[in-house]
Every structure is written in C-alpha cells, then in structure tokens.
Amino acid sequence: MSSKPQAASSKWNFNFVKASKYFYTFSIVLTLAGILSLAVFGLNYGVDFRSGSNVDVSVSKAATQAQVQKVLADAKLDPEANITAGTDRVSIRFPEVLTDDEVETLQTTFNSQIDPNASYEINTVDVEMAKELERNALLAIAVASIGIVIYVTIRFEWGFALSAVVALLHDAFLVISVFSILRLEVNLTFIVAILTIIGFSINDTIVIFDRIRENLRFAKKQTPHDLEDVVNKSVSQTMTRSLGTVFTVFIAAFALLVLGSESIRMFSLAMVIGLLFGAYSSIFIASPLWLALRSKKKPSAAKPSKATT
Amino acid sequence: MKRIVSFIVIVLVSIGIMVWSTPNLLNSVRLGLDLKGGFEILYEASPMTGGEEVTRESLNETARSLEKRVDALGGSEPEITTEGTNRIRLRIAGVTDEKAVRERIKEPANLTFRSLGNSSEENTTGSGADAEDETAAESTDSTNASGSPDAAASGTEQEGATEESAAQADPYQGYDKVELTGNDFKPNGASVQFDQLGNPMISIELKDAQKFADVTGRLVGQPMAIFLDDQLLSAPEVKQRITGGTAQISGKFTREEAQNLRDTINLGALPLKLTEKYSQSVGATLGQLSLDQTLRAGIIGSIIILIFMVFMYRVPGLIAAFCLIIHTWGTILVFIWADITLTLPGIAAFILGIGMAVDANIITYERIKEEMRSGKSIMSAFRAGSKSSFRTVMDAQITTLIAGAVMFWLGTGSVRGFALVLMIDIITSIITNVVLSRFLLSLLVKAKSLKKPGYFGVKESEIREL
Chain W
1 MSSKPQAASS KWNFNFVKAS KYFYTFSIVL TLAGILSLAV FGLNYGVDFR
51 SGSNVDVSVS KAATQAQVQK VLADAKLDPE ANITAGTDRV SIRFPEVLTD
101 DEVETLQTTF NSQIDPNASY EINTVDVEMA KELERNALLA IAVASIGIVI
151 YVTIRFEWGF ALSAVVALLH DAFLVISVFS ILRLEVNLTF IVAILTIIGF
201 SINDTIVIFD RIRENLRFAK KQTPHDLEDV VNKSVSQTMT RSLGTVFTVF
251 IAAFALLVLG SESIRMFSLA MVIGLLFGAY SSIFIASPLW LALRSKKKPS
301 AAKPSKATT
Chain G
1 MKRIVSFIVI VLVSIGIMVW STPNLLNSVR LGLDLKGGFE ILYEASPMTG
51 GEEVTRESLN ETARSLEKRV DALGGSEPEI TTEGTNRIRL RIAGVTDEKA
101 VRERIKEPAN LTFRSLGNSS EENTTGSGAD AEDETAAEST DSTNASGSPD
151 AAASGTEQEG ATEESAAQAD PYQGYDKVEL TGNDFKPNGA SVQFDQLGNP
201 MISIELKDAQ KFADVTGRLV GQPMAIFLDD QLLSAPEVKQ RITGGTAQIS
251 GKFTREEAQN LRDTINLGAL PLKLTEKYSQ SVGATLGQLS LDQTLRAGII
301 GSIIILIFMV FMYRVPGLIA AFCLIIHTWG TILVFIWADI TLTLPGIAAF
351 ILGIGMAVDA NIITYERIKE EMRSGKSIMS AFRAGSKSSF RTVMDAQITT
401 LIAGAVMFWL GTGSVRGFAL VLMIDIITSI ITNVVLSRFL LSLLVKAKSL
451 KKPGYFGVKE SEIREL
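Protein chains in written order, with UniProt numbering: chain W, 1 to 309; chain G, 1 to 466.
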C-alpha cells in the first residue's frame with residue numbers, strides 16, 4: 001500500500017471497460033485450460049476422496065524414511081504405503097483402510113522403534129462419503145447462486161445478478177482449475193475454501209455494483225458510451241476500497257497459509273488464490289459483463305416488456 | 001464535552017470488561033476434536049437381516065443407545081447426532097481409550113426378555129380359556145431405571161436356580177434365562193397405546209404366537225424382565241398365558257418412557273448394523289499444535305490488519321481497530337453461550353470474518369474521505385458517507401449471509417460448522433463494525449474534536465473547492 005492517500009478518484013483512472021477484452025481472453029483461456037486439465041488429469045484427490053487411511057504422526061525427534069519403512073515391515077503393514085518423513089512430522093498414507101488392530105500395531109511399533117512420545121492423527125475414509133460431500137457442496141453452490149440471483153435482482157436488477165453469479169462461478173472454477181493444473185491436493189477443507197471464496201467474491205462484486213447503481217441515477221443514459229463512463233468511474237471510485245479489503249483478507253489468509261496448521265494449508269492456499277481471482281473478477285469481469293448485458297438489451301429497451309429501472 | 005466523556009467511558013468500560021473476562025472466556029470455548037484430540041466416526045446404519053428399511057425411530061434409538069454405552073465407558077461428553085436417513089455421527093473429544101469405545105459401539109443392540117431361570121412347569125396348563133384376553137401382562141416395575149427387580153418374585157420358588165446368578169457382579173440381577181430375543185418380535189410391531197384411563201402402555205407383537213404362549217404359560221405369576229444389553233428396562237409380571245401373539249405391557253409409564261421402551265423393542269426386533277464410513281482421530285498433542293499454530297497465525301494476521309487500518313484511516317481507523325477487538329470478543333462470547341464447538345475450519349472462518357468486518361469500516365471510511373475531498377465539512381461528510389455506505393455494507397453482508405445460510409442448510413460436517421461461524425461472524429460484525437463503530441465516530445465528530453481532515457487520513461491539498 002502506498003503511503004500517500006489518493007487524490008479523489010484520479011489515481012485509478014483507467015478504461016476498465018476497454019481493457020476488459022484482454023481480461024476476458026485471459027479468463028476464457030484459463031477456463032479452457034481448466035476444463036482440459038480436469039478432463040485429462042482430473043483433480044489430485046487427497047485421502048478424503050480416496051478410500052484408505054492417512055496417518056499423521058507428530059514426532060519429537062526426526063525420523064527417516066528408512067526407519068518408518070522398517071516400522072511398517074515389522075508391523076506387517078502394506079509396504080506400498082506412501083511415506084513422507086520430516087523433522088517434526090511423519091505422514092504415512094495407506095491405499096487401504098487400516099483395521100483397529102493394525103492401527104494399534106503401527107502405534108506400538110512406531111513408539112518402540114522411533115519415538116515413544118509420538119502423537120497420531122488418523123483419518124479413514126470411505127470414498128462415497130467424500131463424493132457425497134462434494135455433491136452436497138456443488139448443490140449448495142447452485143442453490144446459493146439462485147438465492148443470490150433472487151436477492152440481487154430484487155435489490156438491483158437481473159443484469160447485475162447474472163454478472164455477479166458469472167463472476168463467482170468463474171472464481172470458484174478457476175481455483176479448481178489451478179488446483180488441477182498444479183496437481184495440488186484436494187481434500188474436504190478445499191470444498192469449504194471454495195464456498196468461502198464464493199462468499200467473498202459476491203461481497204466484492206456487490207460493492208462495485210452498488211456504486212454503479214448509484215452513479216447511474218445521476219448519469220445520462222443515452223449512449224453505450226455514457227454507460228461505459230459510469231462503469232469506469234464506479235470501478236475507479238471503489239478501487240481503493242477493493243484493494244484495501246483484499247489486502248486485509250489476504251493478510252489473514254496468507255498468515256494462515258504461512259503460519260497456520262499443516263492440516264489447513266491447502267485450505268489457506270485455495271483461499272489466497274481465490275481471493276486474488278475474486279478481486280480480479282469483480283473489477284475486470286463482472287462490471288464489463290454487466291455493461292455488455294445492458295448494452296445488448298439497449299436496442300430492445302424501447303419495448304416496455306423487459307425494461308428495468 | 002459530554003460526548004467526549006461518554007466516548008471515553010464506553011471505550012474504557014469495554015476494555016475493562018474484555019480484560020477481566022477474556023482469560024475465563026478462552027478456557028470455556030468448547031474445542032472440537034481436531035484442536036483437543038479425540039475422534040470422530042461416521043456410521044452408516046443398515047438392518048442386520050437385510051430387506052427392511054431403517055426407520056427414523058430405530059435410528060434415533062440406536063443413537064440413544066450409543067450415547068448410553070459411551071457414557072458408561074466414561075467418555076467425555078460424547079456428541080452423537082443422526083444425519084440424513086441412515087447415518088450416525090459420533091464425536092468424542094479428549095478420550096483416552098479409543099479402542100474400547102470403538103469395539104463397544106460396534107456390537108449391535110441386544111434386546112432380551114429374561115426370566116429368573118427356574119421354569120415352573122405346572123403353570124403351562126390351565127389358563128388356556130381366557131387366552132384371547134389381550135391385557136395379559138401387567139408391569140410390577142414400570143420404570144426403566146435399573147432398580148432392583150420385584151423382590152417378591154425373586155423370593156419364592158427360585159432360590160435354587162438363582163444361587164450362582166445372585167452373585168453381586170451379575171448384571172442381569174438373577175434374570176439369567178433368555179426367554180425371548182429381539183428376533184422373536186415382529187419388526188416395528190411395538191406401539192404405544194392408551195388404556196381407558198389414558199395411561200400409556202406398550203403393545204407388542206410376536207412372530208411366533210405358539211412360542212410366546214409357551215413362554216408366558218410357563219411364567220404366569222413371575223416377572224419377565226426386559227433388557228437392552230445389560231441394562232434392565234422394565235420387569236412386568238406375566239398375568240396369564242398369552243396365545244394371540246400380541247400383548248400389552250402396562251404400568252406407571254410416562255408417555256416418554258413408553259415411547260422409549262417401544263423404540264427399544266422395535267430396535268431390538270430389527271437391530272441396526274453400523275458400518276464405519278469415515279473416521280478421524282487426532283492425538284492430543286497434534287491437536288494442541290494445530291490450535292497454537294492457527295491462533296498464532298490469527299493473531300499476527302489481526303495485528304497487521306489493525307496497523308493497516310490505523311495507518312490508512314487514522315482516528316476512525318483506531319475506532320475500527322477497537323471495534324474489531326470487541327467483535328472478536330463478542331463472537332467468542334456467542335460461541336460460549338450457544339455452546340458451539342470450535343473446530344479448525346471454524347477458526348479459519350473466524351479469522352476471515354475479521355477481514356469482512358474490517359471491510360465494513362473500509363467501505364464507510366473510504367466514502368467519508370471521498371465526501372471530504374469533494375469539499376464537504378467533516379460533519380456533513382460523515383453524515384453523507386455513513387448513510388450511503390450503510391446500504392452498500394448491508395447489501396454485501398446480506399448476500400454473503402445468504403451464501404452462509406445455504407451452506408449451513410445443505411452442508412454436512414465441517415461445511416456446516418464453517419457456515420455457522422461465518423453467519424455468527426457476519427451478524428456480530430454488523431453490530432460492532434457497523435453500528436458501534438459509527439456511533440463512536442459520531443460522538444467524536446459531533447463533539448467537534450476531529451477538526452482536521454488529517455485525522456481521517458485526508459490531506460488538505462486533496463480537498464476540492466466547492
């Protein structure tokens with residue numbers, strides 16, 4: 001953040017509408033890449049989405065890969081398990097669900113061979129459950145979008161509602177795409193992150209739309225060019241706020257990413273990426289999109305049938 | 001002057017209350033198992049025999065019996081909830097012997113009707129005449145507490161047979177002969193009925209009328225105790241031989257007791273098999289580590305946000321920072337009052353909620369600054385800025401609230417917890433960072449103590465001439 005307060009709305013003077021075609025292109029390319037990546041590679045599902053057990057051990061002294069391997073062998077457990085050994089944490093992923101007895105054998109063997117003070121986190125999952133949660137989340141997004149469309153249509157008009165929902169779906173989808181392209185692990189908290197991103201995206205967009213609505217009342221609405229001015233003016237007037245808000249939430253999410261617990265690391269990463277997309281889409285996608293919808297409607301606006309405000 | 005005084009009083013009193021209450025507050029937040037250690041298991045229930053449906057009652061009854069079993073093992077406040085049509089979610093925080101709990105839970109509910117074990121053959125004949133009479137069994141011990149069974153019944157002709165079972169450790173209190181098991185009852189055959197006086201009684205139906213007639217015939221005048229696992233629920237006395245395959249158990253039941261007994265018998269007739277669908281187990285140390293790390297992240301993030309606010313908005317920024325602290329404190333207070341379990345995703349929602357609360361202030365202050373730059377006086381800039389930003393803030397918050405409500409409504413598990421915290425956050429932030437912060441700022445503005453635009457972070461040079 002610059003230390004100098006900005007002169008009234010002059011600092012951000014920029015033709016957002018004109019530049020929007022580049023951003024549209026960027027978003028479309030990324031969306032296509034996302035679709036392609038999802039179709040070809042899918043998502044890198046974490047243990048939440050794959051049947052199996054994940055054992056996280058917090059150790060007081062460093063353990064090596066070989067040591068853990070030996071524990072598995074001695075405990076007669078699947079040697080195929082994927083081991084990540086670190087200085088204070090060891091992760092073992094089994095492709096099948098461990099029984100209670102196996103878990104106990106593992107713990108006693110590990111305690112006796114490596115670290116008697118180890119603390120365990122064991123997650124077991126049936127794939128159906130996670131898939132169901134995923135379906136529930138998608139349903140929640142669909143229903144939430146409808147709710148938002150209804151509210152925004154009542155308070156604003158349908159053009160705003162549609163653009164806002166396109167922007168939020170865009171944000172959610174791009175985060176999923178990035179996770180697919182970069183092969184980042186997707187687990188249950190990722191779903192929570194996507195839902196939060198949607199919340200923020202809509203919050204961000206509504207503030208800009210509110211300003212457009214306000215400026216519309218005083219603007220002449222003759223030519224498409226007039227509307228374009230209104231959009232540019234509104235986006236630049238709210239720019240300081242948009243940046244300020246993104247900065248504060250970003251700081252919170254970033255602190256979680258860097259300093260927070262291991263178990264919510266992917267959550268925080270999804271949040272950080274999603275916040276950036278959210279701010280980007282409210283500024284460069286949602287508002288120009290509204291303008292495009294509005295201008296398209298313009299020729300037929302003479303007819304009283306669908307005219308709004 | 002009066003306004004300045006009330007401003008200072010409000011700030012000092014709030015700080016006082018917060019400082020005084022915070023240490024206790026933090027300790028009384030109920031922590032989820034991911035922060036405290038413990039385990040969570042999601043079970044899917046299916047009928048033992050197959051073919052039959054899982055009913056609402058049998059699911060609830062299973063959940064109730066799980067709760068009793070876990071309580072009996074001395075677990076700390078198990079949280080057992082039913083989900084959907086056939087799921088049971090079990091959360092136990094801070095438990096030490098996970099294995100014992102798990103094994104205990106996996107056993108299906110075992111319903112037995114037991115006699116004292118000494119069959120009295122002479123009673124099997126004779127009372128066939130009034131066989132159709134359905135009000136046959138009358139309870140002598142109607143409560144489902146595990147009090148002692150009817151003393152008279154165990155006294156008479158059973159001494160010999162109950163010798164070994166009279167031992168203190170016997171959970172069946174002498175009722176050592178299993179006469180009927182859950183399998184003998186018709187699925188969903190038990191129901192609650194009312195006699196002429198309106199007292200509730202339980203009607204039961206059996207699969208094999210002949211077997212029931214034999215058993216009841218043998219036990220006329222003796223108690224037949226109903227056990228779920230090793231817990232005595234009721235010990236009605238058999239009045240006569242019952243041949244129709246149906247019977248009533250009457251006694252001094254409350255309506256609720258009768259319903260519970262009905263559900264228990266129905267569950268016994270159709271025990272549910274529980275399959276683990278999902279489980280999570282967190283060691284206590286690891287939970288503490290996650291909590292510490294996440295809290296530290298939250299505190300550092302919050303401090304940066306506070307500094308940013310003061311830097312950007314000066315005096316109003318200071319008020320926003322103050323309200324933000326109250327917001328955090330108030331939200332924790334709501335957690336305690338509503339007895340909400342705080343989990344890791346919940347803390348994440350909480351920290352992000354801080355960002356959203358600050359957003360309300362940023363929108364308002366940006367607007368005030370804008371009005372000031374356009375040449376308005378501080379007073380009218382404050383009025384106009386607060387008024388026009390209020391609508392924006394509310395629209396933004398309500399839209400997010402809608403998203404949160406939908407998540408809460410449709411979500412399960414962690415999604416639901418997250419949505420709940422998000423909604424609480426939004427509501428408290430409207431109170432603190434919209435209403436309270438505006439009120440505090442209005443006190444200062446009206447007292448004319450903020451005379452320079454610099455107090456708002458606006459430079460004189462930026463102000464346009466009107």
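Worth flagging that the hints you see were computed from the coordinates, not collected in a lab.
All residues carry an ideal CB built from backbone N, CA and C; glycine is no exception.
Any given hint could be a false lead.
Covered stretches of chain G, as calculated for chain W (at least 3 residues, CB under 8 Å) [to be verified]:
| id | region |
| --- | --- |
| 1 | 198-208 |
| 2 | 238-249 |
| 3 | 329-340 |
Beta-carbon label-pair distances, calculated as ranges [unchecked claim]:
| id | chain 1 | residue 1 | chain 2 | residue 2 | range |
| --- | --- | --- | --- | --- | --- |
| 4 | W | Thr153 | G | Thr275 | 44 to 54 Å |
| 5 | G | Lys273 | W | Arg135 | 18 to 28 Å |
| 6 | G | Asn110 | W | Thr108 | 44 to 54 Å |
| 7 | W | Phe14 | G | Ser6 | 18 to 28 Å |
| 8 | G | Arg56 | W | Val40 | 23 to 33 Å |
| 9 | G | Val13 | W | Thr108 | 33 to 43 Å |
| 10 | G | Arg56 | W | Arg135 | 48 to 58 Å |
| 11 | G | Trp409 | W | Lys76 | 20 to 30 Å |
| 12 | G | Ile463 | W | Lys220 | 19 to 29 Å |
| 13 | G | Arg56 | W | Asp100 | 47 to 57 Å |
| 14 | W | Phe14 | G | Ser380 | 54 to 64 Å |
No farther apart than 20 Å at their CA atoms in a straight line, the calculated lysine to any residue pairs in the SDA-like style are these [as the list claims (entries may be wrong)]:
| id | chain 1 | residue 1 | chain 2 | residue 2 |
| --- | --- | --- | --- | --- |
| 15 | G | Lys376 | W | Gln237 |
| 16 | W | Lys131 | G | Lys277 |
| 17 | G | Lys277 | W | Glu214 |
| 18 | G | Lys277 | W | Val97 |
| 19 | G | Lys273 | G | Asp184 |
| 20 | G | Lys376 | W | Val178 |
| 21 | W | Lys18 | W | Gln237 |
Results for each hint:
no., hint, in the structure
1, 198-208, "violated (count 0)"
2, 238-249, "violated (count 0)"
3, 329-340, "violated (count 0)"
4, Thr153/W to Thr275/G: 44 to 54 Å, "45 Å, holds"
5, Lys273/G to Arg135/W: 18 to 28 Å, "25 Å, holds"
6, Asn110/G to Thr108/W: 44 to 54 Å, "31 Å, violated"
7, Phe14/W to Ser6/G: 18 to 28 Å, "45 Å, violated"
8, Arg56/G to Val40/W: 23 to 33 Å, "45 Å, violated"
9, Val13/G to Thr108/W: 33 to 43 Å, "56 Å, violated"
10, Arg56/G to Arg135/W: 48 to 58 Å, "23 Å, violated"
11, Trp409/G to Lys76/W: 20 to 30 Å, "46 Å, violated"
12, Ile463/G to Lys220/W: 19 to 29 Å, "27 Å, holds"
13, Arg56/G to Asp100/W: 47 to 57 Å, "30 Å, violated"
14, Phe14/W to Ser380/G: 54 to 64 Å, "30 Å, violated"
15, Lys376/G to Gln237/W, "17 Å, holds"
16, Lys131/W to Lys277/G, "12 Å, holds"
17, Lys277/G to Glu214/W, "52 Å, violated"
18, Lys277/G to Val97/W, "10 Å, holds"
19, Lys273/G to Asp184/G, "18 Å, holds"
20, Lys376/G to Val178/W, "47 Å, violated"
21, Lys18/W to Gln237/W, "17 Å, holds"
The earlier numbered hints that this structure contradicts are 1, 2, 3, 6, 7, 8, 9, 10, 11, 13, 14, 17, 20.
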